[in-house]
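So the protein sequences, as listed, match chains W and U. Position one of the first sequence corresponds to residue 1 (the UniProt record's numbering), numbered consecutively onward. Position one of the second sequence corresponds to residue 1 (the UniProt record's numbering), numbered consecutively onward.
For the record, the hints were derived by calculation from the structure and aren't laboratory data. One or more of the hints may lead you astray.
Keeping only pairs whose Cα atoms sit at most 30 angstroms apart, straight-line, the calculated DSSO-like set for lysine-lysine is [to be verified]:
(1) W/K5 <-> U/K189
(2) U/K66 <-> U/K115
(3) U/K115 <-> U/K24
(4) W/K117 <-> W/K183
(5) U/K24 <-> U/K189
(6) W/K9 <-> U/K66
(7) W/K301 <-> W/K84
(8) W/K5 <-> U/K24
(9) U/K115 <-> W/K5
(10) W/K9 <-> U/K24
(11) U/K75 <-> U/K24
(12) U/K75 <-> W/K9
(13) U/K14 <-> W/K5
Here the structure is a predicted model, which is why all the values come from computation and not from measurement.
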Amino acid sequence: MLLIKLATKSLLNRKASALLTLFTIAISVMLLMSIERVRVDAKSSFSNTISGTDLIVGARTGDIQLLLSSVFRIGHANNGVSWKSYQYISEQRGVKWAIPMSLGDSHKGLAVLGTNKDYFEHYRFAKKQPLSFSQGHEFNHLFEVVLGAEVANTLGYQLGDEVVIAHGMGNTSFHNHDDNPFKVVGILKPTGTPVDKTLHIPLAAIDAIHGGHAHQHEAAQADANDHDHDHDHDHDHDQHDDVDLVGTPKQITAFLLGFDSPLYTLQVRRNINQYKDEALLAIMPGVTLRELWEMLSIVEKILLLFSIVVVLISLLGMLTSLLSSLNQRRRELAILRSVGARPWHIFTLISVESLLITGLGCIVGIALFYALMLLGADYLQSHAGISLNIALLSSYELMLLAAIMVAGFIVGLIPATRAYFYSLADGMSIKI
Amino acid sequence: MITLENVLFKWHAKQPEPTINITKLDIDQGEHVFLHGPSGCGKSTLLSLLAGVTVPTQGNIQLLGKAINQLSNSKRDRFRADHIGYIFQNFNLLPYLSPIENVTLGCQFSKQRQKNALKNSAAIAAEASRLLTALGLNDALQHQAVAQLSIGQQQRVAAARAFIGSPEIIIADEPTSALDTQNRQAFVKLLFEQANAANSTLIFVSHDETLQTLFTRSISLVELQGGTDATH
Ligand SMILES: Nc1ncnc2c1ncn2[C@@H]1O[C@H](COP(=O)(O)OP(=O)(O)OP(=O)(O)O)[C@@H](O)[C@H]1O
Ligand SMILES: [Mg+2]
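Extracted from the complex, chain U is given alone in its bound form:
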């Protein structure tokens, strides 16, 4: 499902040590993976590679059986639009769009995700609304200006955007770092619910080790960088 082989990545050609150096990593369909490591160890960089925004300097990355490092730039962009939902740390939303519009943006660049979304609801906006409701945002909140939402509410909108159109892979880069402990747990549970419903693979980055127990699998990037397939 997700396979990395001998992946090396340098941000700059002159970098002495590669930011990412992974000999082997396999993640199965539907797995919920907790990725952790100290700040600056390259977690976000790895996610950029997985999302196909950047390509490895060396090695292979296979997603859903496709070697995305061999795709052209525009094909990689299309691949991401079709198959990957992404949640950032915070400020995930475009301030000038309503929560609903922010969610529907998730399938604006992908015909396939539009099609998937229409399997669940009659219209894309209706599907956005359904997801937001499932994530605990009521009707009134769905039409509020995003700046008026709390951070926790904003992150749920971001999650709905990642999930709309049922992409196979959900990537979340510290989506809970701005939330309090209780909200973190609740948010992660909501993510699981949605991921299970769509049978999506979830890759979740966090510094908060207390969340680790909720996941089926936990990966330490530092150990992974050592060159072995580090799995707990």
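Chain W extracted, bound-state conformation:
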């Protein structure tokens, strides 16, 4: 107790350097914790992106490329899958459902996905969670759109709003058709996946906006769509429910397959990869997600390494400051010896100081870490799709902190040992 009191007062007496050391440690702790939290959460966000889908089928590219373009909306799939192949494969034995996906269009930089209603029924993320609506319902008419949670959030759209969807990626498009407003009929609950950043429209509507002939407003008529799509869209959307929302596009970007039994997966996958009429690629999302993560894990490991080095440097900073103060404190040590302190008291005193600095550094670091998480959570969610978990410290994080404390203690043993020997060697003569 006495030693803790002495150590605290002695540290307070050297406030400036002690605070500086403490702050360096705090920042390094914050850095390490943040990097680890983001890494762990990124990993789980990542593997939570898609589940329940047995195969993703697209034009033949790399596995990861297909995954990125179809699930993460990153990159551009140059080729698509012909509608004929889609139809053929989706009628294979064992196929429970098939969800066509047509990507490549955007609204204010957010991806537009043309798909069918099965998407809302069969798409799964995280632990096989289905999509659910926070407001409204799925699209029932051609010019209706269902928004991901974040689309609605960031763009401030509400049910009933009209949204213009452009052809092509990016904010400014040469083909920005003002005459194709889509009505918001549904808003999905947040998923923490790219779904949140997606606008979902009927597959047939993709062709409609590309066709360039959809002059009329949806509210009035949609019969203009049928000119070059050789099928009839001549219904009034507000009156008919049996609208063909899929149509027969020439090609789609990719499609998702679910089987009656996972046993079909490998067989169908082989068949698709050997499909003669078209060069196709089928991937198992779970496997490819893992491959992708493995690819990224080198970055992750480098980050971890850096933050560990930063922690070590901060502890070395503490070592330097304790060691350099020690020489000036030989007098203090001799005084303590003269009143009966034993060498191990001196040893403990210095150890307690390093523990205090490290401990307080960790506490301040955790506070900074939570502040950073609170500030950064929104940004990460909207810019990287990583949903941060602002929860209590996990056992892994507590372990990291314990490791830092142990490292701090070990580093503190060096000046403590030194002080121990000073106090033995100096005796009662004070040199400075």
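The hints should help you fit chain U with the ligands onto chain W, whose structure is shown.
Coordinates of chain U with the ligands only, in the frame set by chain W:
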């Protein structure tokens, strides 16, 4: 009370001449001893031996009837905490403690001195305050930061720390070297007062021979080193 017999001490094993070489030295209880000698002759080294911080390479040192060179390290530390008050030349105080806390530190490592201190006052801090007042430091000064005290005031705080809990032996290593002549005399008189009150033995090292007359006994370390019990 304090007895040295054939004490040899070398700081390093390879030292050709021992720093301390004393055949015989006896100091009685309650004596006020003035120890002098030129710089580097080993006065501080001898005090380290007497305080049990270092042990003689050869020979025996008996304090209060105990051969402290035969005690274990930790027992010697406890012995020092219990029975010895030590005053350094200057900068005696921990800068981050108040004068009162500096004084009470004198019995933090010893149950026995705490007990002794509580014989005089209700609390240890009260005893510290009483000693400081007796040594001429008023209440206001007692709570000031030690860095703001004059050297003379600091030395009085150090003296109070040495005296708290009435240790049998008070060792002072040139405690007055930073004081002017008048203050030196006053300080030494205060030491005597307190030493007499507690019947403590006082061993006082100084270069200032003018102080010598105040003491009951004076020892020249150089003569002592010669191998005889040098006493004036
Ligand atoms: N801690 C130590 N380690 C090694 N040698 C020491 C140590 N302390 C003192 N000495 C050596 O012992 C000898 C005696 O030193 P000491 O400090 O006892 O002299 P002193 O009589 O107290 O001198 P002064 O009057 O200047 O204080 C010196 O030669 C010194 O170099
Ligand atoms: Mg000396």
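Hint-by-hint comparison with the structure:
Straight-line distance between C-alpha atoms of W/K5 and U/K189 comes to about 35 angstroms, which puts the hinted pair past the 30 angstroms bound. Between U/K66 and U/K115 the CA atoms are separated by roughly 21 angstroms; this keeps the pair inside 30 angstroms, and the hint holds. Pair hint U/K115 plus U/K24 does not hold up; C-alpha atoms about 34 angstroms apart against a cutoff of 30 angstroms. Between the alpha carbons of W/K117 and W/K183 the distance comes to roughly 16 angstroms, so the proposed pair stays at or under 30 angstroms and holds.
Among the hinted pairs, U/K24 with U/K189 is consistent with the structure: their alpha-carbon atoms are about 29 angstroms apart, no more than 30 angstroms. This hinted pair does not check out: W/K9 and U/K66 have alpha carbons roughly 36 angstroms apart, beyond 30 angstroms. In summary, the hint linking W/K301 to W/K84 is not supported, as the alpha carbons are separated by about 44 angstroms, beyond the 30 angstroms threshold. Using a Cα cut-off of 30 angstroms, the hinted pair W/K5 and U/K24 is violated, with the two alpha carbons roughly 43 angstroms apart.
Distance hint between U/K115 and W/K5 is fulfilled; the C-alpha atoms sit about 22 angstroms from each other, no more than 30 angstroms. This hinted pair does not check out: W/K9 and U/K24 have alpha carbons roughly 44 angstroms apart, beyond 30 angstroms. With a C-alpha separation of about 24 angstroms, the suggested pair U/K75 and U/K24 falls inside the 30 angstroms cut-off, and the hint holds. In summary, the hint linking U/K75 to W/K9 is supported, as the alpha carbons are separated by about 28 angstroms, within the 30 angstroms threshold.
At roughly 41 angstroms between alpha-carbon atoms, U/K14 and W/K5 are farther apart than 30 angstroms, so this suggested pair is violated.
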